[in-house]
Amino acid sequence: MSLQGQLSASISSSSSAFLAPSVFINSSRAVNVSVPSKRLGVCRCVATPTEEVTAYKTTVSRNANIAKLQAGYLFPEIARRRAAHLVKYPDAKVISLGIGDTTEPIPEVITSAMAQRSYALSTVEGYSGYGAEQGERPVRAAIASTFYKDLGIEEDDIFVSDGAKCDISRLQVVFGSDVTVAVQDPSYPAYVDSSVILGQTGLYQKDIQKYANIEYMKCSPENGFFPDLSTVARTDIIFFCSPNNPTGSAATREQLTQLVQFAKDNGSIIVYDSAYAMYMSDDNPRSIFEIPGAKEVALETASFSKYAGFTGVRLGWTVIPKQLLFSDGFPVAKDFNRIVCTCFNGASNISQAGGLACLSPEGLKAMHEVIGFYKENTQIIMETFNSLGFKVYGGTNAPYVWVHFPGQSSWDVFAEILEKTHVVTTPGSGFGPGGEGFIRVSAFGHRENVLEACRRFKQLYK
Amino acid sequence: MVFSYQPTPAHVDMPIHAASTQRRHFSPTSSSSRTIVSATLDLEDKIGAGQCSKVARNVNMENLRGNYLFPEIAMRELEHARRYPNEQLIRLGIGDTTQPIPRTIASAMAEQALALSTDRGYRGYGDEQGNKELRMAIANTMYRDMGLMWEEVFVSDGAQCDISRLQMLLGPRVTVAVPDPSFPAYVDSSIIVGQAGKFEEATGKHQNIVYMKCLPQDNFFPDLTNTPRTDIIFFCSPNNPTGAAATRSQFKRLVDFARSNGSIIVHDAAYSAYISDGSPKSIFEIPGAKEVAIEISSFSKFAGFTGVRLGWTVVPNELTYSSGFPLIKDYNRIVCTCFNGASNIAQAGGLACLSPEGRQALNKLIEFYRGNAEILVDAFQSVGLKAYGGKNSPYAWVHFPGTSSWDIFNKILEKTHIVTVPGVGFGPGGEEYIRVSAFGKKETMLEASERIKTLLYNNLN
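These protein sequence lines are chains A and B, in that order. Numbers 554 to 1015, taken from the working numbering, label the letters of the first sequence in order. Numbers 17 to 477, taken from the working numbering, label the letters of the second sequence in order.
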């Protein structure tokens, strides 16, 4: 690949903050550009005219909040490393157990519904324009009755979206810059990153790998991956994900009751991420709303991504009970609704048609089968690392295996595994300092790839 | 933009926890009340009943006045339909496309959906910036010969969403100018992010926003000589709601203005496909624009994708902050962190839209809607009103001198059962105007035209 081609690929999903100067290569103007010094060394401008020409700059200041971010978002960074590895070893059969990207085809009952909706849009009777920003009624009703039956959650408490990641940011926009936030440590990076972007945090503290003003609730094997709430400071918002990405840990009814009580005592709002609830094998709560009193302290976000392979189709939802109120009594749902109407315009009608099919009896059965398949993958991976003598966590209730590499830098382990086995994983520290010393292995993959990856792990660690 | 705070249609029946002792209705500035429906309480709900969190409401959200404009219109439409169940309501309010998507495009989406069921065709996460093929097609089709690269194109789920993502990018500290009148998302997103400052009842404006008045005598182009510097300048051509398309020389003035002020233009080109008089379809047709402008656009009004959800934003590599840091890097970071790409099925549709066959079919649709707008403009003109639009847009922008636009909206709705949008919903500069959207069947336009000519004429005279 030519230098031009390599660098022009930098602003794709494999880009990271480290490739800033490359964008100037794409510029049709050859100029000397002043580049922040930490990015030098990656590349420079191609041509230098004889006289000094300074590139035009606007006088608009960069958003200081975004400047606080340390690097690219975690998963594009993993993708970038994968791409770089492929360049280095073009013939290697790289296996991706890094980014939690679904691999198995979507069941036909679901895709045929989406195809039908697509065709319908080309007919007079079937055409629809703008949908309700909150989602199509039948979809909202189906979500309410499938996941929240008998929990006192109604159709109009459900907001259909283009995915949980997007909803997290929309929720942050609702909350604004003046709230304080707690996250599990380790946790899905979007909670922290969106918090930084919204201006809720202070600067990154390199020595402890934490952003000032965020409360990091350590989740480790020692505390059963549930934070010791007696040591947690009060924050306005508490992000909690169960089954957890990346640890795979699922909170018990007792633990969630504690969490709800903690939020009640502190007047906090829990943002409960249940994206992996259907992977639960144990008898743990699937929804926070199974806990009495949760409706006054929690909202819940979820996704079709990992249930239906909708990672590219884009569909999810957020539940906000009517009882969830700000300190002045104003319902959180009303502000979320305002955001949804102003900053969003609804999930794609075709994706929603797919969502409806997912929740039909046939669709649910098909989703359970695919989930079962990934759970078998998880089992295989767990057994492999167990047999090699590693301490292995997660896996039972989530499609992730959390492997302990005590005393080692997780990026080093990630790099070693990639170099020696051509398997992409995710370093635990990417999820927070509490992830240091761990590797997340995702169980999404074709069976042969998962088996092959496990063979290679056995080779490396025998 | 002051209208009474009422629940949106989806929340009309939203009950408030009846036992809540700290419940309040609305912010004091709201002018309306609303029905509170008490909910039946389960035993578990009574535990800790009436407890609010201790989380303060975001002050920016408090600064929003009432509903977003279009749900407000939808709600009034619903109310009117309930009151007059036997009247044939004509919906020319919300600019919602009505004609079916051309078959060639719909098939491409259906095929992509079915492909997701196959081993070879299955796709998981796409690039957050959009599929490379589509980005290249947009660059080659929409920005041919403008020196823009596919890497500068970010595919999204629509311009309304992109406006907010851009606002998140820019942050609370930038100053903003908007055309007055303009698409309400610019002002509303500005309020939400914390840029706008306090609302002034007397002027109908937010303190920190510069409202660039757009008057018919200047082809609705703002008087830049009287516009103070702001960091960001929102601009929309053809404009929603006035329908005015900036000329090449007007665009050049805007680019020069931005350049001399070190400002960034956010240009909304959502209606550029409707241009029929040779005006520039992209700001990047103007030399130097790449260093001062971002352009957003959408498949919504171009391809009937209002429900499918697809759009894009172009951020040129050359666009930098005062420090020299390229904006594109931060926008990319926002897209990777706060978004996860447009639906792969919608993107397949987008690619089909940009094929020669797709474009041909869509041009017919656009012609159709533009023809509708002309019917409406003619109808209003025939009763002696000054009406603009139609030539370059799917809207008629009608002047009712000396009247409140909400009064006119109500009068038209009562007398002719036609839903429109009051101009003040687009900013104080929209007062005295009504926007009438031209999306609908031909028969609908002709019927509307009839009603305007007979009933409206009779009632205005």
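Where hints are given, some of them may not hold.
Claimed, not checked - A few chain A residues facing chain B, derived, Cβ under 10 angstroms:
no.: 1; residue: ASN616
no.: 2; residue: GLY679
no.: 3; residue: SER773
These are calculated hints, taken from the structure and not from any lab test. None of the values given here were measured: they were computed from a predicted structure. Where a beta carbon is used, it is the ideal one built from N, C-alpha and C, also for glycine.
Okay, the hints, checked on the actual structure:
no.: 1; hint: ASN616; in the structure: holds, 3 angstroms
no.: 2; hint: GLY679; in the structure: holds, 8 angstroms
no.: 3; hint: SER773; in the structure: violated, 26 angstroms
When held up to the earlier numbered hints, the structure conflicts with hint 3 and nothing else.
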